[in-house]
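Participant: Go ahead and model the full structure; you've got the sequences and the hints to work with.
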Amino acid sequence: DGGITQSPKYLFRKEGQNVTLSCEQNLNHDAMYWYRQDPGQGLRLIYYSQIVNDFQKGDIAEGYSVSREKKESFPLTVTSAQKNPTAFYLCASTPGDSAADTQYFGPGTRLTVL
Amino acid sequence: QKEVEQNSGPLSVPEGAIASLNCTYSDRVSQSFFWYRQYSGKSPELIMSIYSNGDKEDGRFTAQLNKASQYVSLLIRDSQPSDSATYLCAPYYNQGGKLIFGQGTELSVKP
Chain A
44 DGGITQSPKY LFRKEGQNVT LSCEQNLNHD AMYWYRQDPG QGLRLIYYSQ
94 IVNDFQKGDI AEGYSVSREK KESFPLTVTS AQKNPTAFYL CASTPGDSAA
144 DTQYFGPGTR LTVL
Chain B
72 QKEVEQNSGP LSVPEGAIAS LNCTYSDRVS QSFFWYRQYS GKSPELIMSI
122 YSNGDKEDGR FTAQLNKASQ YVSLLIRDSQ PSDSATYLCA PYYNQGGKLI
172 FGQGTELSVK P
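Going down the list, the sequences are from chains A and B. Per this note's numbering, residue 44 is the first one in the first sequence, and the count goes up by one each step. Per this note's numbering, residue 72 is the first one in the second sequence, and the count goes up by one each step.
Among the hints, erroneous ones may be present.
Claimed, not checked - Below, a list of computed lysine-lysine pairs in the BS3-like style, where the Cα atoms sit at most 25 Å apart: (1) A/126 with A/100; (2) B/113 with A/52; (3) A/113 with A/100; (4) A/100 with B/169; (5) A/113 with A/52; (6) A/126 with A/52; (7) B/169 with A/113; (8) A/126 with A/57; (9) B/169 with A/114; (10) B/169 with B/127; (11) B/113 with B/181; (12) A/52 with A/114.
Think of the hints as simulated: they come from the structure by calculation, not from any bench.
Facilitator: Structure below.
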């Protein structure tokens, strides 16, 4: 069963903590993306990676970090520098290295700061 | 000016009616346009893409593109309660090579 998995589904963070959101795909897709969605808003791009061991900042990268050590994995770390991290986080992938390809989304992780 | 603007919702239509969702964008060189559907609490899924001026039909869905007016729309014919969701417009911006998502229009189809 091919697809994108994200874990955990819900995550609670205390002030000053770093947390890592997992994203795994078995679609053999080249590119992967992280988006943030706030209530009533569209998706905003945090980071993306078109190839292993390389990634680019999106529009709201401050306070986040990523790695792409394996083609199938693209974890996102929300650091304590991100002052308002409560949001719905979505991971996506595309077959090729272009964001204009169909984006396939994971089920999302809902992060709440306590 | 926002990069992508969608008509504010929620939009409520009776079952069987045509729902019209509109989107304007600011990038004059965008060539690819996408409509994603997002059910409450779920992740988006692609329902339509359009690249050329004019209409593109897929079942009950029709996407319309007017590049001169920087306008793209989505029509849903014979609306069903299962169409109730938020619809996100996403032009592809060549500069930066990324999708820019609108804030979405919430559609409610009443039985």
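Participant: All hints, please: hold or fail.
Facilitator: Against the structure, the hints:
1. A/126 with A/100: Given that 25 Å is the threshold and the Cα spacing comes to 18 Å, the pair holds.
2. B/113 with A/52: holds (11 Å)
3. A/113 with A/100: Cα-Cα ~18 Å, so holds.
4. A/100 with B/169: Satisfied, since the Cα-Cα distance of roughly 11 Å is no more than 25 Å.
5. A/113 with A/52: With a Cα-Cα distance of about 22 Å, the restraint between residue 113 of chain A and residue 52 of chain A holds, given a limit of 25 Å.
6. A/126 with A/52: holds (21 Å)
7. B/169 with A/113: Cα-Cα ~22 Å, so holds.
8. A/126 with A/57: holds (12 Å)
9. B/169 with A/114: Holds: residue 169 of chain B and residue 114 of chain A sit about 20 Å apart, inside 25 Å.
10. B/169 with B/127: holds (23 Å)
11. B/113 with B/181: holds (21 Å)
12. A/52 with A/114: Between residue 52 of chain A and residue 114 of chain A the Cα gap is close to 22 Å, so the pair holds against 25 Å.
Of the numbered hints listed earlier, not one is contradicted by the structure.
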